[in-house]
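Dock the two chains into a complex; use the hints.
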Amino acid sequence: MKRITYVLVSVILLASFGLASCAPTAAPAAATAAATTAPTAAPAKPLTIALSQEPDQLNPMFSSMSYTGWLSQMVLVGLGRWDDKNNLVPELATDIPSTSNGGVSADGLTITWHLRPNLKWSDGEPLTSTDVKFTWQVENDKGNAVYTRAGYDKISSIDTPDATTAVLHFSSLYPGWQTIFSQGPNNQGALLPEHLLKGKTGLEKDPFIHQPTIASGPYVVKEWVAGDHITMVANPNYWQGAAKLAQINFKIVPNPETALAALKTGDVDMVPDFSESDIKTLSDLETSTNGKIHLRVDAGPEFEHYLFNLGTTASTVKDASGKVIGNSDQNGPCALQDVNVRKALIMGIDRQTIVDTLLAGKTTVPANLWPNSYWTNTSMKAYPYDPDQAKKLLDTAGYTAGSDGIRHGMCGGQDVKLSFNFETTDKQLRKDMAVAVKDMLLKIGVEFKPNHLPSGTFFGSYTDGGDMATGKYDIAGYTTGFYPDPWNDNFLCSTIPTKDSPGGSNYYHVCDPKLEDMFTQANASADPAVRKKVFDAIQQYQYDNALFIPMYVRANVYGYNDRFVFPPTSVISGWSWDTFNWSVKQ
Amino acid sequence: MSAYILRRLVQALVVLFFITAVCFLLTHYSSDPMAQYANKQGMTEADRQAIRLRLGLDQPLPVQYVSWLTLAFQGNLGNSFFSHQPVLLLISQRLPMTLVLMITSEILIIAVSLVLGIISAVKQYSLTDNIITSFSFIGFSMPIFFIALGLMQVLAVQFKEWGWPYLPTGGDVWDFGDPLALAWHMVLPVTCLIIITVAGYSRFLRSSILEVLGLDYIRTARAKGLEERAVLFKHALRNAALPLITIIGLDIPALLGGALVTESIFAWPGMGRLFWEYAQKGDFPVVNGTLLLTSSAVVFFTIIVDVAYTLIDPRIRLN
Chain A
5 MKRITYVLVS VILLASFGLA SCAPTAAPAA ATAAATTAPT AAPAKPLTIA LSQEPDQLNP
65 MFSSMSYTGW LSQMVLVGLG RWDDKNNLVP ELATDIPSTS NGGVSADGLT ITWHLRPNLK
125 WSDGEPLTST DVKFTWQVEN DKGNAVYTRA GYDKISSIDT PDATTAVLHF SSLYPGWQTI
185 FSQGPNNQGA LLPEHLLKGK TGLEKDPFIH QPTIASGPYV VKEWVAGDHI TMVANPNYWQ
245 GAAKLAQINF KIVPNPETAL AALKTGDVDM VPDFSESDIK TLSDLETSTN GKIHLRVDAG
305 PEFEHYLFNL GTTASTVKDA SGKVIGNSDQ NGPCALQDVN VRKALIMGID RQTIVDTLLA
365 GKTTVPANLW PNSYWTNTSM KAYPYDPDQA KKLLDTAGYT AGSDGIRHGM CGGQDVKLSF
425 NFETTDKQLR KDMAVAVKDM LLKIGVEFKP NHLPSGTFFG SYTDGGDMAT GKYDIAGYTT
485 GFYPDPWNDN FLCSTIPTKD SPGGSNYYHV CDPKLEDMFT QANASADPAV RKKVFDAIQQ
545 YQYDNALFIP MYVRANVYGY NDRFVFPPTS VISGWSWDTF NWSVKQ
Chain B
141 MSAYILRRLV QALVVLFFIT AVCFLLTHYS SDPMAQYANK QGMTEADRQA IRLRLGLDQP
201 LPVQYVSWLT LAFQGNLGNS FFSHQPVLLL ISQRLPMTLV LMITSEILII AVSLVLGIIS
261 AVKQYSLTDN IITSFSFIGF SMPIFFIALG LMQVLAVQFK EWGWPYLPTG GDVWDFGDPL
321 ALAWHMVLPV TCLIIITVAG YSRFLRSSIL EVLGLDYIRT ARAKGLEERA VLFKHALRNA
381 ALPLITIIGL DIPALLGGAL VTESIFAWPG MGRLFWEYAQ KGDFPVVNGT LLLTSSAVVF
441 FTIIVDVAYT LIDPRIRLN
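Chains as they are written, first to last, in this note's numbering: chain A, 5 to 590; chain B, 141 to 459.
Heads up, some of the hints might be wrong.
Stretches of chain A that chain B covers, calculated by requiring three or more beta carbons in the stretch to come under 8 Å of a beta carbon on chain B [said to hold, decoys possible]:
no. : region
1   : 202–213
2   : 290–303
Cut-off 27 Å, straight-line C-alpha distance, at most; resulting in silico cross-link-like pairs (DSS-like, lysine-lysine) [what the hints assert, rightly or not]:
no. : chain 1 : residue 1 : chain 2 : residue 2
3   : A       : Lys49     : B       : Lys300
4   : B       : Lys263    : B       : Lys374
5   : A       : Lys49     : A       : Lys322
6   : A       : Lys518    : A       : Lys296
7   : A       : Lys366    : A       : Lys431
8   : B       : Lys180    : A       : Lys366
9   : A       : Lys476    : B       : Lys180
10  : B       : Lys180    : A       : Lys209
11  : B       : Lys263    : B       : Lys364
12  : A       : Lys536    : B       : Lys180
13  : A       : Lys476    : A       : Lys447
14  : A       : Lys431    : B       : Lys180
15  : B       : Lys180    : A       : Lys137
16  : A       : Lys158    : A       : Lys202
17  : A       : Lys442    : A       : Lys453
18  : A       : Lys537    : B       : Lys180
19  : A       : Lys284    : A       : Lys431
20  : A       : Lys589    : B       : Lys300
21  : A       : Lys137    : A       : Lys124
22  : A       : Lys476    : A       : Lys518
23  : B       : Lys180    : A       : Lys158
24  : A       : Lys284    : B       : Lys300
25  : A       : Lys89     : A       : Lys322
26  : A       : Lys385    : A       : Lys447
27  : B       : Lys180    : A       : Lys146
28  : B       : Lys180    : A       : Lys89
29  : B       : Lys180    : A       : Lys435
30  : B       : Lys180    : A       : Lys518
31  : A       : Lys296    : B       : Lys263
32  : A       : Lys385    : A       : Lys537
33  : B       : Lys364    : B       : Lys374
Derived by calculation from the structure, the hints in this document are not laboratory data. This structure is a prediction, so every number in the text was calculated from the model and none was measured. Every residue, glycine too, gets a C-beta built ideally from N, C-alpha and C.
Extracted from the complex, chain B is given alone in its bound form (with noise of 0.2 Å):
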């Protein structure tokens, strides 16, 4: 096992390595930093070339990215091109509320995935399972967009023109500390989250178990006089869940990037904004170092999952 974990960390490294080399050039060739100043009155063609010395950006890309890495090997991202703050206090400013946002979000979503899900397969083509069927796919195929704005207009403006309580738009000036107004202000993200999401898991979790209750083991089980819940929870949803782990430890790293326009549309500080608002200006270093976090992750946590499946099913071997 350890020699297995040990391989999979060298690969990691070397994957990381080309992510991160790509990532650099997509983010060089996608916006040029000197676009901030290309049209800015007062400016002399002295003060733009002193910019891009100073930013090192007359050096040849291989040197570029050379020099961004060794230093993000020994911990420093650098600072923005453009509010000079260092990457990593960027990240540390916007992790927390991109967590809080997402964790919520990604328990609340397991939850109700795995209710909607076996209750989907229980009673497959029965009218409960149609209902949830259909709504799971409503909510599929919406643009989040769409359903967060939909549901802004309705729960915050028009609840506040009709007198009743509102939920807040984000648009207002909250305490972070204060856990009510935390609440209250991650009810509509986390629901559009929640909308988006649970469709994909429900129906792949929905005929996981299906096709695990059609085995052989099952029928043994029933036949061995196990109460049918017991077959469902002991015997059928252990095994049907292992490929919705596959997923949800993919999707997890997700989360540290955040949900970009979840949180645009309500004005939530995290990751997501933070990548997208500096992208647009071509400000590298904070690019990267939050992609190198982002892939980072990824890499992890695909090894993660991979050892956790020898421990939920007893068949994986990774010798």
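With the rest of the complex left out, here is chain A (with noise of 0.2 Å):
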């Protein structure tokens, strides 16, 4: 037996370690010169992040994905960014543009942008103009998979007439203006350097567009083993000098509880993606470790909403050659096309309560869809909770109880029932509000019937038969958040899904002459206080008419321990937006 035992633990011990020695090697160390000239003032150990996902990769230019705008706007930084008073500041520029300082021409066409002098890649090769020309060749080479070229794509040509300036002509207006070339998550205005780049297509597959080698942010990527973790090292060519952490981690830790458990033992220092449903567990830790362990909860750009299906197939709205525009291939509930039952069900749910309880009380209810930034219509007021309107409102519309206790009345020649089939994902959060939302709704006579799917199928595709995009739900729950840019074309007759049109967004199915005008007219100007006006009457219109329910501001999840100091998040850049700031206690 001792023989037996002897060999099988030679086994195990030479298949581990066998094996190990295969095991996925740090991809290429690039920042060989950064690490190696890193600021010697640096904490022995590391600062760690744990994160519940991996970026696709570290460029936004190719990926839409959060985490990869989080992480890679350490690394690849635009002309601008936005701060922690989500104001865009100058990042790679000496400042923003504007009609003031002559940055943007009076017809809005042309914008010069200033790079600020001598900057360099961490390679320490200079970094100028030419780069921003490059960077919008790359978007617009059809060779390359960007995700979108929007705006880039209105570019007609880019003037370099010295190091630092850059003059972009465009062929035609484009308001959103500041997004592009600006850095930061929803975004991809990370510059590229042509030095390493020049003369490649299909980028995508380029390892540098993976894992970018050199950086013109505050870091620089040293490793990044596949799955499991990306240390990151200061760059001291950043314009502002080395970050005051030499290094940071981020370790890819899928589960939440293992990552409280490694935040409780101190082997990360900071999560910064928990989920609001996280708020009470983090909430009971700062207390039982006395502060040790630190829950935040920010506001963040993007909101719960409720949507009604407002689609017709019988649209009577015609564009300016008389054509009839804005039908989608299916009709909404006919209860729905009622402003004062939409009104009703807006007022007969609890809003409050539901943040209160679920939510902990850490996030509001907003009055629009544009919380937290300079475009919202601060003059509003969400609508409150009044069972007793909302029941006056629907016994106006018509609409009275029967043996069941549900309403229904005459809707369109026909007697139709108030039981509306509610479409959303299954996230958790979303089945408990659902079920608080289903009481309070019957409580005004209205029956709510939840329904729960897989976030892949409830957003697939027209032609896969996406819920959302065809329209197979009467009221439906997501997040969406409109940003940087206020502009969208949720609400547009053109981008209602349909069969001739499958890739369009307006998953309201909504065509509304007026609000077709309004948001033309909101991208007639360049200039923001002249758009702000108009993005106030937007919201106003869809409050006044009650087009969704603003359900509750997503709120940003933060727990870290005491030795991180952490400084302001940005609502539209999120957590990473400052790292070169960071630093640790001693």
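If you want it as structure tokens, here you go:
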């Protein structure tokens, strides 16, 4: 038996160590120069951040993933970025172009950016206006699989009269010009190095795009062990100098309970992506550890909303040429076409109680679609919870309670029941919320029937029969947010997904000529002050017509230990917008 | 024998064809890769259409499947829809860590099962047998996430709090190439895998041994004066282990697929997580690539097990 034991132990050890030798090794260390010249005052133990998902890659131009946005803005930066006050502030540029500083021409078609002098990539090569021009060329090269060319395709040419000046000439007005060449999640404005990538196409498969070997931001990628961790070290050539922390590790920890345990043991210092349902656990932990572990809940740029299916196959809206537009391939519930019914549904849901109970009161009930930003219409107040008023509205709309307590009435010549299918994803918080809403609406005589689907099915494309795209819902719930630029095409008649136009994003299936006009006006000026007035009017119109139910402002939930000095986050750019100034207590 | 193997290989190819076709359909209907872009601000309808065309999603499903299969036959599993990296590269990055974890676990599981199974059988209905049976069933019936999180809470979090040496949660950054760190980080995940698997194997072996011990040839062996140890190990165990070999043979390919829950809880970068992370996004090439690998392994290991039978049991002839 002894011999068998020895053999077994030997086999296990040999197998383990043998396989370990072929375990994923770090991708080529790119930051040798940076690592060797990193500041010496660094703490012995690097800051470690746990992420529940691994970024697809570290270039925001080729990935729409938030994690890519968060990490890439540490490495590849743009001309501007959004700060903790949600203002666009200069990054590689000296200032933000405006009409007053001459950066924006009177017709809005020419934008001039000035780069900071003597900028360098982390490899020491100069970073100049030719990199701006090159980045635009990469965006527009059809051989490159960028995920969007929005804005970049409106630029007809870029002049680079000197190393620090880039003059952008637009073929038509693009009011969202601030979002191009500016970096942040939901944006892809990072500059690319011409000296490394010139002449290449099909860049999405280039190793540099997956893992940049040099940087323009405060950190350089030192190693990336697939599925496990990413190590970044300070870039001494960053325009502000080397960051305070010499090294930051990102560990991929898919399970939130593990992340919490690792936070307790000190294996990780910060977790930036807890879900809202973890708020209570973290709050209790903060109390039980006497503040050694902290919870922070910041308002995010998005919000959870319920939307009504307003689709109709009998649109009467006509475009300038007289052609009927805005037909959906399906009809939403007849009753929801009545604004009184929609308002009643809003007033029949106690959103504040939902926030207080399911979200520990750590977030707020918004009135509109643009919370927490310059573009918010701050004069509006969320509809109150008023079941009595809701009942009156339903009475006015002609719906009275039947024998089963559910209201019904005549609509479109038919007796219809106020019974609605509610479609949303299978996230637990959405399930809990739907249960609460069901009870609340029942009290005003409305039946609410929740159905939960995987997000891949719920958000599936029109051709794949996705519920939102094909309008297979009465009421639906998901998160949305319009940022950094407030304009969006989600309410246009032309973007209702149909058989002929399957890629549309108007999941409300709404076509309203007034709304359409206002969105057109919003894009008729490059002046933010002018646009702001139009967006205020849009929000008021949507509010008055109760086009959707804003449920709550989505919260970003952070857990971090006492060692990490966690500065304010940016609503638009998230927690990693200013890693240059991050520090730890010694 | 060679004709048999050839026939089985041809059958395997047909089976694999059906498996990949079914997997392709299931993946297609379970998640739409375009869902990633459904509510993405800044994107236009033209952007979405360009992505659909580039990924070939505008093609009819049979065309998409045949294109994928043609490339797969040439050894090219394609590139991920989202990270744009070759699928083979993604698999090669995760496979070694999965094999380290799963092979170590499997060897220990077999070793522990043999010991427990034999003791249980030899000491049938004794206190030892009852204790082993009870703990086996407790382990078998508990969900692995419960065992994993429970062990982590006690052996990592509480031990750290009490100032004792504590095991890692898996949330730390460590060097895979360091054998000591590797062994240290494997303690918790391997223990969990042993706890949930060992019950099945040991119970199977126990009943198999008991069945064999009642056969005539064992009585003959005892009658001719052999020691009980020789009866057990040289005569009974060899026959009793046959069914276990079948189970192990079928389990071996599953090793390649990894252990999703264990890998997720202990932040182990293996195949299970690779599959799950990309399946959620509807990344067909990665999902189908990993499924092809594991299903091929199942099919071919089944053939190997059948052939191995003839070597272990002379009564079985494949002709």
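Cross-check of the supplied hints:
1. Three residues within the 8 Å Cβ limit are the bar, and the region 202–213 of chain A against chain B gives 3, so the coverage statement holds.
2. Counting residues of the region 290–303 of chain A whose C-beta lies closer than 8 Å to any C-beta of chain B gives 0; at least three are required, and the coverage claim is violated.
3. Under the criterion of a C-alpha separation no larger than 27 Å, the hint pairing lysine 49 of chain A with lysine 300 of chain B is consistent with the structure, at around 18 Å.
4. This hinted pair checks out: lysine 263 of chain B and lysine 374 of chain B have alpha carbons roughly 18 Å apart, not beyond 27 Å.
5. For the proposed pair lysine 49 of chain A and lysine 322 of chain A, the alpha carbon gap of about 65 Å is over 27 Å, so the pair is violated.
6. Of the supplied pair hints, the one linking lysine 518 of chain A and lysine 296 of chain A is violated, its CA atoms being roughly 54 Å apart against a limit of 27 Å.
7. Restraint check for lysine 366 of chain A and lysine 431 of chain A: the C-alpha separation of about 19 Å stays at or below 27 Å, so the hint holds.
8. Between lysine 180 of chain B and lysine 366 of chain A the CA atoms are separated by roughly 26 Å; this keeps the pair inside 27 Å, and the hint holds.
9. A threshold of 27 Å between alpha carbons decides the hint, and for lysine 476 of chain A with lysine 180 of chain B the separation of about 20 Å falls inside it, so the pair holds.
10. Distance hint between lysine 180 of chain B and lysine 209 of chain A is fulfilled; the C-alpha atoms sit about 22 Å from each other, no more than 27 Å.
11. Taking the CA atoms of lysine 263 of chain B and lysine 364 of chain B, the gap is about 23 Å. The hint holds against a cut of 27 Å.
12. With a C-alpha separation of about 22 Å, the suggested pairing of lysine 536 of chain A with lysine 180 of chain B holds against the 27 Å cut-off.
13. Of the pairs offered as hints, the one joining lysine 476 of chain A and lysine 447 of chain A holds, with about 26 Å between alpha carbons and a cut-off of 27 Å not exceeded.
14. Between lysine 431 of chain A and lysine 180 of chain B, the direct Cα distance comes to roughly 19 Å. Compliance with the 27 Å bound is thereby established for this hinted pair.
15. Our distance criterion of 27 Å between C-alpha atoms is met by lysine 180 of chain B and lysine 137 of chain A, whose separation comes to about 26 Å.
16. Restraint check for lysine 158 of chain A and lysine 202 of chain A: satisfied, since their Cα atoms lie roughly 22 Å apart, inside the 27 Å limit.
17. Between lysine 442 of chain A and lysine 453 of chain A the alpha-carbon distance is near 7 Å, which keeps this suggested pair within the 27 Å criterion.
18. Restraint check for lysine 537 of chain A and lysine 180 of chain B: satisfied, since their Cα atoms lie roughly 25 Å apart, inside the 27 Å limit.
19. Of the pairs offered as hints, the one joining lysine 284 of chain A and lysine 431 of chain A holds, with about 17 Å between alpha carbons and a cut-off of 27 Å not exceeded.
20. For a cut-off of 27 Å, the pair hint linking lysine 589 of chain A to lysine 300 of chain B stands: about 21 Å separates their Cα positions.
21. Between lysine 137 of chain A and lysine 124 of chain A, the direct Cα distance comes to roughly 16 Å. Compliance with the 27 Å bound is thereby established for this hinted pair.
22. For the hint pairing lysine 476 of chain A with lysine 518 of chain A, the CA-to-CA distance comes to about 26 Å; that is within 27 Å, so the pair holds.
23. At roughly 20 Å between alpha-carbon atoms, lysine 180 of chain B and lysine 158 of chain A fall within 27 Å of each other, so this suggested pair holds.
24. For the hint linking lysine 284 of chain A to lysine 300 of chain B, the alpha-carbon distance of about 23 Å falls within 27 Å, and the restraint holds.
25. Annotation: proposed proximity of lysine 89 of chain A to lysine 322 of chain A is violated, straight-line Cα distance about 42 Å (limit 27 Å).
26. Taking the CA atoms of lysine 385 of chain A and lysine 447 of chain A, the gap is about 24 Å. The hint holds against a cut of 27 Å.
27. For the hint pairing lysine 180 of chain B with lysine 146 of chain A, the CA-to-CA distance comes to about 21 Å; that is within 27 Å, so the pair holds.
28. Between lysine 180 of chain B and lysine 89 of chain A, the direct Cα distance comes to roughly 23 Å. Compliance with the 27 Å bound is thereby established for this hinted pair.
29. Between lysine 180 of chain B and lysine 435 of chain A, the direct Cα distance comes to roughly 23 Å. Compliance with the 27 Å bound is thereby established for this hinted pair.
30. About 25 Å separates the Cα atoms of lysine 180 of chain B and lysine 518 of chain A, which keeps this hinted pair within 27 Å; it holds.
31. Among the hinted pairs, lysine 296 of chain A with lysine 263 of chain B is inconsistent with the structure: their alpha-carbon atoms are about 53 Å apart, more than 27 Å.
32. Pair hint lysine 385 of chain A plus lysine 537 of chain A holds up; C-alpha atoms about 18 Å apart against a cutoff of 27 Å.
33. A C-alpha spacing of about 14 Å is found between lysine 364 of chain B and lysine 374 of chain B, which places the hinted pair at or below 27 Å, so the restraint holds.
Hint check: violations occur at hints 2, 5, 6, 25 and 31; the rest are consistent with the structure.
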